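**Q** Chain by chain, the residues:
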Amino acid sequence: MSESRHFYPLIGQEIHFFESLPSTQDLALTWARERQVKSGSVIRAGHQTAGRGQANNTWLDEGGLNIACSIIYYPDFGLSPAHTFYLSKWVSLAVRETLNPLLPEEVVIKWPNDIWYAEKKLAGILIQTSISGATVQSAVIGIGININQDAFGMLDRATSLKQITGIAYDLERIMQDLLSNLNHWLSALEAGRLSQLDEQYIAQLLGLNQKRSFRLPDGQIIQGQVSGIDEHGRLEVVYNNSVHQFGFKEIEWLIQ
Amino acid sequence: MTTKDIQELIRLVNRYNLSEFKLRDGDFELTLRSESFSKASRKEVVPSVIPIQSSIPAVQTVPVAAAAQPARPEGSPQAGTEAEASNANLVEIKSPMVGTFYRSPAPEKPAYIKVGDSVDNGQVVCIIEAMKLFNEIESEVKGKVVKIMVDDASPVEYEQVLFLVDPNA
Numbered sequence: 001m002s003e004s005r006h007f008y009p010l011i012g013q014e015i016h017f018f019e020s021l022p023s024t025q026d027l028a029l030t031w032a033r034e035r036q037v038k039s040g041s042v043i044r045a046g047h048q049t050a051g052r053g054q055a056n057n058t059w060l061d062e063g064g065l066n067i068a069c070s071i072i073y074y075p076d077f078g079l080s081p082a083h084t085f086y087l088s089k090w091v092s093l094a095v096r097e098t099l100n101p102l103l104p105e106e107v108v109i110k111w112p113n114d115i116w117y118a119e120k121k122l123a124g125i126l127i128q129t130s131i132s133g134a135t136v137q138s139a140v141i142g143i144g145i146n147i148n149q150d151a152f153g154m155l156d157r158a159t160s161l162k163q164i165t166g167i168a169y170d171l172e173r174i175m176q177d178l179l180s181n182l183n184h185w186l187s188a189l190e191a192g193r194l195s196q197l198d199e200q201y202i203a204q205l206l207g208l209n210q211k212r213s214f215r216l217p218d219g220q221i222i223q224g225q226v227s228g229i230d231e232h233g234r235l236e237v238v239y240n241n242s243v244h245q246f247g248f249k250e251i252e253w254l255i256q
Numbered sequence: 001m002t003t004k005d006i007q008e009l010i011r012l013v014n015r016y017n018l019s020e021f022k023l024r025d026g027d028f029e030l031t032l033r034s035e036s037f038s039k040a041s042r043k044e045v046v047p048s049v050i051p052i053q054s055s056i057p058a059v060q061t062v063p064v065a066a067a068a069q070p071a072r073p074e075g076s077p078q079a080g081t082e083a084e085a086s087n088a089n090l091v092e093i094k095s096p097m098v099g100t101f102y103r104s105p106a107p108e109k110p111a112y113i114k115v116g117d118s119v120d121n122g123q124v125v126c127i128i129e130a131m132k133l134f135n136e137i138e139s140e141v142k143g144k145v146v147k148i149m150v151d152d153a154s155p156v157e158y159e160q161v162l163f164l165v166d167p168n169a
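One line per chain: the protein sequences are A and B, in this order.
Going left to right, the first sequence walks through residues 1 to 256 as the numbering used here numbers them.
Going left to right, the second sequence walks through residues 1 to 169 as the numbering used here numbers them.
Wrong hints could be hidden among the right ones.
Stretch-level coverage of chain A by chain B, calculated; a stretch enters the list once three of its residues show a Cβ under 8 Å from a Cβ in chain B [said to hold, decoys possible]:
hint: 1; region: 80-93
hint: 2; region: 127-140
hint: 3; region: 229-242
Hints were generated in silico from the structure; no laboratory data involved.
Only a predicted model underlies this, so the values are computations on that prediction, with no experimental measurement involved.
Where is the CB? At the ideal position from N, CA and C, for every residue including glycine.
With the rest of the complex left out, here is chain B:
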């Protein structure tokens, strides 16, 4: 089994929202678990020496309830009514790593995206800087940005929610 195969399996496990996937082939054994299997213990589950990311990708469809009501952003029209937001199946864009969150490529440059903007698959939404490495984070969802959860230039944790996106907008 190659790393490509494992990556493809991770993609499939994620696509079908499986909580756990086990594969045994002779001596080779592979277990993939998504966050919903055990949110408390986040383990690296691929028995591989290669630094492959074994947990699920950073973006996943999670029904977000009332807590995710969009705050009214300054200087832009209110994005959606409360009724719309609480019923919507919002999607989270999470930080894939520990670092510092930046909304724009440089201090004097405009933000990558604002509340109310449309976001496309593969579009850069922010930079996470970690130890002088500058990482552009691409969206894996398409929709409209409903809320930005983190202030510019603040520290973020692994899997911290950065943006809420309405995929149906």
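With the rest of the complex left out, here is chain A:
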């Protein structure tokens, strides 16, 4: 294990770098549970052997080509369980803002918390919290960003910065920008500037005010426009002249 240290106000105060690790998220969950490290500590792996993606697919990681990290955060300012979606907004905005200046077209947030570019997934976020009573005690935030990976095998909906532009990127530079952006948006969250997070998150949503196809749980396919999200974080889609709200598994994007 080798560690490097940089100075950041909170997120990234401590960075624990491992050349190889089964999963940064699993280690971070253990450390968070045992309160072994300070809030804002980052666990980063050069290579993950069993990285956690979405529940069903593991994150493809060739080693040294991508950013894979997990952040341990204790929201000591008092985050209510009803407001956990602000964690998604915070992190989605920070990741999007890190990648957007590097690419010619707009990087967007695919609700609830994937980062997409030109109809493909560029980065993924996994947030797990621990709640006791009225407050969120800890949050473990996993971030995977495809940077210099050339091929994604069967995952034809995945892409990387290098695949888009043909340029090889400096991972450390992007990591530093990511930490700065995470700290920037966290300060808005901790100061209670929630409307700023709301507005920016909605403004960057994939499908905002565009005609898109979705499949509903009953199999019905609809054409609708994303108009925003409600206070629970549900996606709002306008079709048949009215606004409908959907939870995560209640609507499926149909991407061409």
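Using the hints provided, position chain B relative to the given structure of chain A.
**A** Chain B in isolation, oriented as in the chain A frame:
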């Protein structure tokens, strides 16, 4: 007054089962009301810009009468007789949020707790998933699980009762 102070006040209001608590200090005014003050109107009562949870914590001691008799769970011995359960001061573990209730960390993994199991303070009892955020819910009570009120993978509302726990078992 810091958010920590307010959190501590909420804890005290809850501990002493107060229905209402008012504090005035110059321009600063704070009112805390528990569920028993007005069950019908659940208002956010802390005048703060910070998203602090102002209602009482999800777990509270409520005398649960006959309605809370334990159903006989399949595959496990019947937990307590009807006479015991109806007289017991059972404690509810409620959902702190809207979401989907999961009894185990992953589909192939065993459930966090089963009827008849002992549960400890701080022990994870379930996951509530909301918009792809996975939230482990910790128990704030110690006792024995008497009944699980919600089926695995079903939607739950804010403050919906998830588990009944016998703190004296």
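**Q** If a hint holds in the structure, say so; if it does not, say that too.
**A** Comparing the hints with the structure gives:
no., hint, verdict
1, 80-93, "holds (count 9)"
2, 127-140, "holds (count 11)"
3, 229-242, "holds (count 3)"
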